[in-house]
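A.B. asks: Here is how the chains run, residue by residue.
2 protein chains.
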Amino acid sequence: MSTAAPTFISAPDMLAHWQGHRRLTRRVIELFPDDKLFTFSLGGMRTFGELANELLFMAAPMAHGLATLDWKGYEPKGGKSKSEVLALWDQSTKDVDKYWAPIPAGRFQETITSFGQYTGPGHLQVLSVVDNEVHHRGQGYVYLRALGIAPPAFWER
Amino acid sequence: MSTAAPTFISAPDMLAHWQGHRRLTRRVIELFPDDKLFTFSLGGMRTFGELANELLFMAAPMAHGLATLDWKGYEPKGGKSKSEVLALWDQSTKDVDKYWAPIPAGRFQETITSFGQYTGPGHLQVLSVVDNEVHHRGQGYVYLRALGIAPPAFWER
Numbered sequence: 001m002s003t004a005a006p007t008f009i010s011a012p013d014m015l016a017h018w019q020g021h022r023r024l025t026r027r028v029i030e031l032f033p034d035d036k037l038f039t040f041s042l043g044g045m046r047t048f049g050e051l052a053n054e055l056l057f058m059a060a061p062m063a064h065g066l067a068t069l070d071w072k073g074y075e076p077k078g079g080k081s082k083s084e085v086l087a088l089w090d091q092s093t094k095d096v097d098k099y100w101a102p103i104p105a106g107r108f109q110e111t112i113t114s115f116g117q118y119t120g121p122g123h124l125q126v127l128s129v130v131d132n133e134v135h136h137r138g139q140g141y142v143y144l145r146a147l148g149i150a151p152p153a154f155w156e157r
Numbered sequence: 001m002s003t004a005a006p007t008f009i010s011a012p013d014m015l016a017h018w019q020g021h022r023r024l025t026r027r028v029i030e031l032f033p034d035d036k037l038f039t040f041s042l043g044g045m046r047t048f049g050e051l052a053n054e055l056l057f058m059a060a061p062m063a064h065g066l067a068t069l070d071w072k073g074y075e076p077k078g079g080k081s082k083s084e085v086l087a088l089w090d091q092s093t094k095d096v097d098k099y100w101a102p103i104p105a106g107r108f109q110e111t112i113t114s115f116g117q118y119t120g121p122g123h124l125q126v127l128s129v130v131d132n133e134v135h136h137r138g139q140g141y142v143y144l145r146a147l148g149i150a151p152p153a154f155w156e157r
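One line per chain: the protein sequences are A and B, in this order.
The numbering used here puts the first residue of the first sequence at 1, with every later residue one more than the last.
The numbering used here puts the first residue of the second sequence at 1, with every later residue one more than the last.
Extracted from the complex, chain A is given alone in its bound form (with noise of 0.2 Å):
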């Protein structure tokens, strides 16, 4: 971009708006009864358990690796169980926010390669991260709907 475009958020309010959004997936998480979280899926793809593991390996290693362009130093955990799951994902809501805080002003403009493959600018790196976690947990309330589960308002975070 050029310098003078026009911000369209700034990266403390991408930040709020990506916790708001976490807080949100931690409430869909809850939903699942224990005994589903990790044995339904719908059209043969992965359950709700796995999807949060994967948004866990994503957003505190982002995080992580903005900040200190070291994409190994932070070892992500991926839980069995709901209450395993719920417990890395608050662990992995601190760890966003203090990652976050020293990323340097510049970085969300800077071409970077993160985990030694994607290559793009900060802010699309950032947006993949939430926009994998938007989608997935669009996956997450189907689920929810076909155990007959309502999930929470979409605009609720």
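Treat the hints as calculated values from the structure; they're not laboratory data.
Just so you know, even glycine gets a beta-carbon here, dropped at the ideal spot from N, CA and C.
Any given hint might turn out to be false.
Said to hold, decoys possible - Cβ pair distances, simulated, as ranges: (1) B/73 / A/73: 48 to 58 Å; (2) A/97 / B/120: 19 to 29 Å; (3) A/83 / B/23: 33 to 43 Å; (4) A/27 / B/153: 24 to 34 Å; (5) B/117 / A/44: 37 to 47 Å; (6) B/105 / A/104: 40 to 50 Å.
Claimed, not checked - Stretches of chain B that chain A covers, calculated by requiring three or more beta carbons in the stretch to come under 8 Å of a beta carbon on chain A: (7) 8-14; (8) 22-34; (9) 131-138.
Following the hints, position chain B against chain A.
C.D. replies: Chain B only, in chain A's frame:
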């Protein structure tokens, strides 16, 4: 936000990102068999044709509203068949570009009320439209999988 806060993403880069999402959603609409777009669903949810019409009702009207603050001046149409929806989608793509261009530079940080009911900063108004598209498209992926059709890769734009 403080005016000193670093930019996460500029307005032109956000438009490019949104239009990338819209190209992917178009491919998802195209992948539905003609006779399934408005008939197939899971969990008692809306069909993907109905969801695509909802996206049409939000995208260009949002860009038009942010440019003009006239929330009734753009009357979007919905389609009743795949060919109608795709034609409306292509018109909507042009209209999003057309109305995005004259949006005033500060509009994305202003607090505004869209469509007479949603109050928040301009950037959240746009993000709510984009996020809603990603959310519902994720649901479309489940429908396609359940129909035995492989959806496009999420990162293809």
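A.B. asks: If a hint holds in the structure, say so; if it does not, say that too.
C.D. replies: Status of the hints after comparison with the structure:
Distance hint check: the CB atoms of residue 73 of chain B and residue 73 of chain A are about 52 Å apart, consistent with the given range 48 to 58 Å. Look at residue 97 of chain A against residue 120 of chain B: about 22 Å separates their beta carbons, and that is inside 19 to 29 Å. Taking the beta carbon of each, residue 83 of chain A and residue 23 of chain B are about 40 Å apart, inside 33 to 43 Å as hinted. Our hint of 24 to 34 Å for residue 27 of chain A and residue 153 of chain B holds, since their Cβ atoms are close to 28 Å apart.
For residue 117 of chain B and residue 44 of chain A, the hinted distance range of 37 to 47 Å is satisfied, since their beta carbons lie about 40 Å from each other. At roughly 24 Å, the beta-carbon separation of residue 105 of chain B and residue 104 of chain A lies outside the given 40 to 50 Å, and the hint is violated. Interface restraint, the region 8-14 of chain B with chain A: holds (7 residues with C-beta to C-beta distance below 8 Å; minimum three). Evaluation of the coverage hint for the region 22-34 of chain B: breached, as 0 residues show C-beta separations to chain A shorter than 8 Å, against a requirement of three.
With 7 residues carrying a beta carbon less than 8 Å from a beta carbon of chain A, the region 131-138 of chain B meets the three-residue requirement, and the given coverage holds.
Violated hints for the displayed structure, listed by number in ascending order: 6 and 8.
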